[in-house]
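4 protein chains.
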Amino acid sequence: MSDVNAILLLSCADSKGIVAKISDFIFRRNGNIVHADQYTSKTDKLFFMRIEWELNGFALGRDEISAAFAPLAKQFKMKWDLHFTDYMPRMAIFVSKHLHCLHDLILRRHMGELASDVEAVISNHTDARDLVEQFGLKFFHFPITDKNKKQQEAKELKLLREMNIDLVVLARYMQVLSGNFLKYYPDKIINIHHSFLPAFAGGNPYQQAYNRGVKIIGATGHYVTAQLDEGPIIAQDVIKISHRDAVDAIQRKSKDLERIVLARALHLHLENRILVYGSKTIVFE
Amino acid sequence: MSDVNAILLLSCADSKGIVAKISDFIFRRNGNIVHADQYTSKTDKLFFMRIEWELNGFALGRDEISAAFAPLAKQFKMKWDLHFTDYMPRMAIFVSKHLHCLHDLILRRHMGELASDVEAVISNHTDARDLVEQFGLKFFHFPITDKNKKQQEAKELKLLREMNIDLVVLARYMQVLSGNFLKYYPDKIINIHHSFLPAFAGGNPYQQAYNRGVKIIGATGHYVTAQLDEGPIIAQDVIKISHRDAVDAIQRKSKDLERIVLARALHLHLENRILVYGSKTIVFE
Amino acid sequence: MSDVNAILLLSCADSKGIVAKISDFIFRRNGNIVHADQYTSKTDKLFFMRIEWELNGFALGRDEISAAFAPLAKQFKMKWDLHFTDYMPRMAIFVSKHLHCLHDLILRRHMGELASDVEAVISNHTDARDLVEQFGLKFFHFPITDKNKKQQEAKELKLLREMNIDLVVLARYMQVLSGNFLKYYPDKIINIHHSFLPAFAGGNPYQQAYNRGVKIIGATGHYVTAQLDEGPIIAQDVIKISHRDAVDAIQRKSKDLERIVLARALHLHLENRILVYGSKTIVFE
Amino acid sequence: MSDVNAILLLSCADSKGIVAKISDFIFRRNGNIVHADQYTSKTDKLFFMRIEWELNGFALGRDEISAAFAPLAKQFKMKWDLHFTDYMPRMAIFVSKHLHCLHDLILRRHMGELASDVEAVISNHTDARDLVEQFGLKFFHFPITDKNKKQQEAKELKLLREMNIDLVVLARYMQVLSGNFLKYYPDKIINIHHSFLPAFAGGNPYQQAYNRGVKIIGATGHYVTAQLDEGPIIAQDVIKISHRDAVDAIQRKSKDLERIVLARALHLHLENRILVYGSKTIVFE
Numbered sequence: 002m003s004d005v006n007a008i009l010l011l012s013c014a015d016s017k018g019i020v021a022k023i024s025d026f027i028f029r030r031n032g033n034i035v036h037a038d039q040y041t042s043k044t045d046k047l048f049f050m051r052i053e054w055e056l057n058g059f060a061l062g063r064d065e066i067s068a069a070f071a072p073l074a075k076q077f078k079m080k081w082d083l084h085f086t087d088y089m090p091r092m093a094i095f096v097s098k099h100l101h102c103l104h105d106l107i108l109r110r111h112m113g114e115l116a117s118d119v120e121a122v123i124s125n126h127t128d129a130r131d132l133v134e135q136f137g138l139k140f141f142h143f144p145i146t147d148k149n150k151k152q153q154e155a156k157e158l159k160l161l162r163e164m165n166i167d168l169v170v171l172a173r174y175m176q177v178l179s180g181n182f183l184k185y186y187p188d189k190i191i192n193i194h195h196s197f198l199p200a201f202a203g204g205n206p207y208q209q210a211y212n213r214g215v216k217i218i219g220a221t222g223h224y225v226t227a228q229l230d231e232g233p234i235i236a237q238d239v240i241k242i243s244h245r246d247a248v249d250a251i252q253r254k255s256k257d258l259e260r261i262v263l264a265r266a267l268h269l270h271l272e273n274r275i276l277v278y279g280s281k282t283i284v285f286e
Numbered sequence: 002m003s004d005v006n007a008i009l010l011l012s013c014a015d016s017k018g019i020v021a022k023i024s025d026f027i028f029r030r031n032g033n034i035v036h037a038d039q040y041t042s043k044t045d046k047l048f049f050m051r052i053e054w055e056l057n058g059f060a061l062g063r064d065e066i067s068a069a070f071a072p073l074a075k076q077f078k079m080k081w082d083l084h085f086t087d088y089m090p091r092m093a094i095f096v097s098k099h100l101h102c103l104h105d106l107i108l109r110r111h112m113g114e115l116a117s118d119v120e121a122v123i124s125n126h127t128d129a130r131d132l133v134e135q136f137g138l139k140f141f142h143f144p145i146t147d148k149n150k151k152q153q154e155a156k157e158l159k160l161l162r163e164m165n166i167d168l169v170v171l172a173r174y175m176q177v178l179s180g181n182f183l184k185y186y187p188d189k190i191i192n193i194h195h196s197f198l199p200a201f202a203g204g205n206p207y208q209q210a211y212n213r214g215v216k217i218i219g220a221t222g223h224y225v226t227a228q229l230d231e232g233p234i235i236a237q238d239v240i241k242i243s244h245r246d247a248v249d250a251i252q253r254k255s256k257d258l259e260r261i262v263l264a265r266a267l268h269l270h271l272e273n274r275i276l277v278y279g280s281k282t283i284v285f286e
Numbered sequence: 002m003s004d005v006n007a008i009l010l011l012s013c014a015d016s017k018g019i020v021a022k023i024s025d026f027i028f029r030r031n032g033n034i035v036h037a038d039q040y041t042s043k044t045d046k047l048f049f050m051r052i053e054w055e056l057n058g059f060a061l062g063r064d065e066i067s068a069a070f071a072p073l074a075k076q077f078k079m080k081w082d083l084h085f086t087d088y089m090p091r092m093a094i095f096v097s098k099h100l101h102c103l104h105d106l107i108l109r110r111h112m113g114e115l116a117s118d119v120e121a122v123i124s125n126h127t128d129a130r131d132l133v134e135q136f137g138l139k140f141f142h143f144p145i146t147d148k149n150k151k152q153q154e155a156k157e158l159k160l161l162r163e164m165n166i167d168l169v170v171l172a173r174y175m176q177v178l179s180g181n182f183l184k185y186y187p188d189k190i191i192n193i194h195h196s197f198l199p200a201f202a203g204g205n206p207y208q209q210a211y212n213r214g215v216k217i218i219g220a221t222g223h224y225v226t227a228q229l230d231e232g233p234i235i236a237q238d239v240i241k242i243s244h245r246d247a248v249d250a251i252q253r254k255s256k257d258l259e260r261i262v263l264a265r266a267l268h269l270h271l272e273n274r275i276l277v278y279g280s281k282t283i284v285f286e
Numbered sequence: 002m003s004d005v006n007a008i009l010l011l012s013c014a015d016s017k018g019i020v021a022k023i024s025d026f027i028f029r030r031n032g033n034i035v036h037a038d039q040y041t042s043k044t045d046k047l048f049f050m051r052i053e054w055e056l057n058g059f060a061l062g063r064d065e066i067s068a069a070f071a072p073l074a075k076q077f078k079m080k081w082d083l084h085f086t087d088y089m090p091r092m093a094i095f096v097s098k099h100l101h102c103l104h105d106l107i108l109r110r111h112m113g114e115l116a117s118d119v120e121a122v123i124s125n126h127t128d129a130r131d132l133v134e135q136f137g138l139k140f141f142h143f144p145i146t147d148k149n150k151k152q153q154e155a156k157e158l159k160l161l162r163e164m165n166i167d168l169v170v171l172a173r174y175m176q177v178l179s180g181n182f183l184k185y186y187p188d189k190i191i192n193i194h195h196s197f198l199p200a201f202a203g204g205n206p207y208q209q210a211y212n213r214g215v216k217i218i219g220a221t222g223h224y225v226t227a228q229l230d231e232g233p234i235i236a237q238d239v240i241k242i243s244h245r246d247a248v249d250a251i252q253r254k255s256k257d258l259e260r261i262v263l264a265r266a267l268h269l270h271l272e273n274r275i276l277v278y279g280s281k282t283i284v285f286e
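Protein chains in written order, with our numbering: chain A, 2 to 286; chain B, 2 to 286; chain C, 2 to 286; chain D, 2 to 286.
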């Protein structure tokens, strides 16, 4: 007997009867709904929904659901995705020289908290190699220069495809990915930015925060889009600082935030709780 | 054309088809659902739901909904309440000598933020009288002694009934209400406790927090039950303190918290977002 | 017997012996130091100090301290100010149409929490008049148009001078003060900005926050300088929001923050805990 | 040329001239004070101070300071400790089965953020062995039963003494240390408690928090004393939860808190910023 659940994430123009039709679709096939949440944007007249039900006892096999649901989806012109809770995305982590977020993800995987397989760690430096290999993971080194960037990205993409990677995490990766790279992973690349976006976008946010004299710093987990630091925000958190905190203290405090915020954003993604909507996210917590 | 919504708050044993049946009930009568949220307690196998839809275009008049819904409610043995968004609860505020929460509620009413009519302010002291009357509200003085407590409560209850009060807010009221009083207002009395419950329950939590040397203090908004300080918690928040904060500084910082936490709890109640479940709350934010 | 304290706020180039010389200055005159805090900026080699001692038993009268301290200040080329804890700054509050911060300050004054006299409330609108006069305070209406701005500011300045105002609080005042106005009140004008600066500087930060889809909003209390929204930050705080919070909900949540952050910034100023240093503050909490 | 600083932590009855005498002591020997902070408890008439100065250029060698300072300390009947910023305490970490805090400390040591040598990891279980040895640290297994507890503690103490351990961190160690053990490490044992003390002291705070229905959970870093969960609190932090968080979700969220709060408490201890005062701490941040 399976304890796997199915999850539908969908959006469409708002209209009467959507909830009724969807829940009826599940009920008639003997599905038990364990979570349903919806949001209607009044300004844009759009409807968003996450609905999760048990496959155990459900009349359809998991391979049959999409076909059965398609007519209803078509009727309401939905954008929709179907997920199953036993699917573990195949994740690649990109990192440069700051390893705290990488280390944190490895720890969470080690503790069984990460519903994802870490298939590869990719870096433009070699600082992470020992740590990664120590935990039995695969490390790939793609040094990036102004000249070789395009070729290296092509090699990285090839590797990702060969490994069937379907989720990329930028765990303090200090290279900008090209638009070409991004189009292969729409809403599938999560970055941690070490500031409270949109404050201190761009380079060296620790120094920027110090210079401005803010009393609070933050970190932002977001999907990566072609507009740098403007991707849809998934999670943010902050911590207080004071005039006593020089740039190194700001960095030390921020690193704790970054680890937690990235993990939180990743967790929400892995539980299929996020719908991207323009430059924003709907997060069904 | 009405822009009033109906809200159903319900709970029952978990069972397949509840969501489908309820949303179908609304859909068949041409209702547009604007918010639906549910929660299933796996340990207790209980189902909780809040569903809100527009009356505009709905096939039933507001007086007909209860009767029409009753058979479905009976089928699933639901506990349920039906609310309308244009109903303004008639509120009485109880206060003693600390007036910051009272003042805050008056301010919010003044700014149109409080979806409730403040019908009366009741106090065992007279400190609040001037402020209350200055804002054109009714003030009632019921001094309490060990001897007259029972009689005074009876008078207060009589007054509340005469004024058709259906929500009581204890905005730092330093008298314990009797079980007899409480039974007239089940889940309809909201108290602000000036600590992060269950820490520092009982008297003088500021002093207790100071003595213990905690680094964070809190405030708790909760429904009042016969077990003092053990009622279902609606909202909590905290603020950092340090060794420099003597009892008076703790009090000053706490007062800001108390105002906000009480307002937040009250707001959730007035929007009919809370289901009480044993000694806990389900809050559909 | 007096229970007044003296407070020295000073800054100078860092140098050995400053703490020793200053504390010796106080000790030799039989002063009891109740608070001393210092900060040395290593990058700028600057020294900042706040030192507070009891006048009770001190060898010098309050009028004699400045002259006695001047030689030491000269030796270290200090910038310094001497304050006394019984001095109540004479405050004017500027406000436009949003009255929550004004109302909050009036409440705090009413509760005896504000170590300042509210001498006047000045507005470019009349919305605040009733509230202000209801509490027995003076209200002045200076409507501002594109044409009369300069003249009205001149009148406002004249009024402030006649009333000996030495602290101006912009409690959601939606007009930009001219550089001419500002030069009369250097580090004496405190503004509350309804965003987490530097994010969403400029107009309509609620809408900006909504558009960007941030998960946290903030408020900032700062001194006003000629560079709009770039003055030295005194205090900041934040609150979480979600996709469900439309602009009006963001506004409602932000208003609570604004009241608290402005009050906190003002409290720090009134206790003479702030040294301004370039575009930043040193806050000796 | 040394860049080591000396730090004095001291407390005594409050009295005039202490700050002047201490800063004069340093100044006359050509010391440059880089941090000085003090606190006077008015209720207890006690004076607390932390003062840090550069040894570079100081007239006394580090071995001469104590003898030179002793007369002044005697005059004011001070309790005092002298520390040097280049001293790395020799730390032992105790852990049971939950490894997140241990893993976090190892990460921080790996990143050079921990001003301490991790000399040994001691556990009553073997779950941590692989991780510990993988990072080249020493692991010791002391299984505890009702019968052997006293003997095992004696062996642990012997080991700690042989390794010259001067700081013990209980990183989720689920055994209660005896009073005999504690007396060898007064204010030198730091524990992380997985609740917001004093709420949910004792066993299984996650379950307790779930049962009570709190909306916020916390973690507490504190020194260990004979009264379980009543030691002086060093650091606390909190995180919001909702009715949706079952015990396992509470645990997952709490673990992030515990790691950060323990690290923060440890950091404050390692920078010699804490004075213990009865059952409370003075933390000079």
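Don't take each hint at face value.
Since the list can't tell identical chains apart, any single copy or any two copies may satisfy a pair.
Derived DSS-like pairs: lysine-lysine, alpha-carbon spacing no greater than 27 Å straight-line [as the list claims (entries may be wrong)]: (1) K22 to K46; (2) K254 to K156; (3) K150 to K22; (4) K75 to K22.
Hint data in this document are derived by calculation from the structure and do not stem from the laboratory.
Here is what the structure says about each hint:
Taking CA atoms no more than 27 Å apart as the test, K22 paired with K46 passes in both settings, with 18 Å inside one copy and 25 Å between copies. Within a single copy, K254 and K156 get their C-alpha atoms no closer than 35 Å, and across copies no closer than 38 Å, so neither meets the 27 Å cut-off. With identical chains, the CA atoms of K150 and K22 are never at most 27 Å apart, being 49 Å at best within one copy and 57 Å at best between copies. With identical chains, the CA atoms of K75 and K22 are at most 27 Å apart both within one copy (13 Å) and between copies (23 Å).
Figure legend: structure checked against the earlier numbered hints; hints not met, in rising order: 2, 3.
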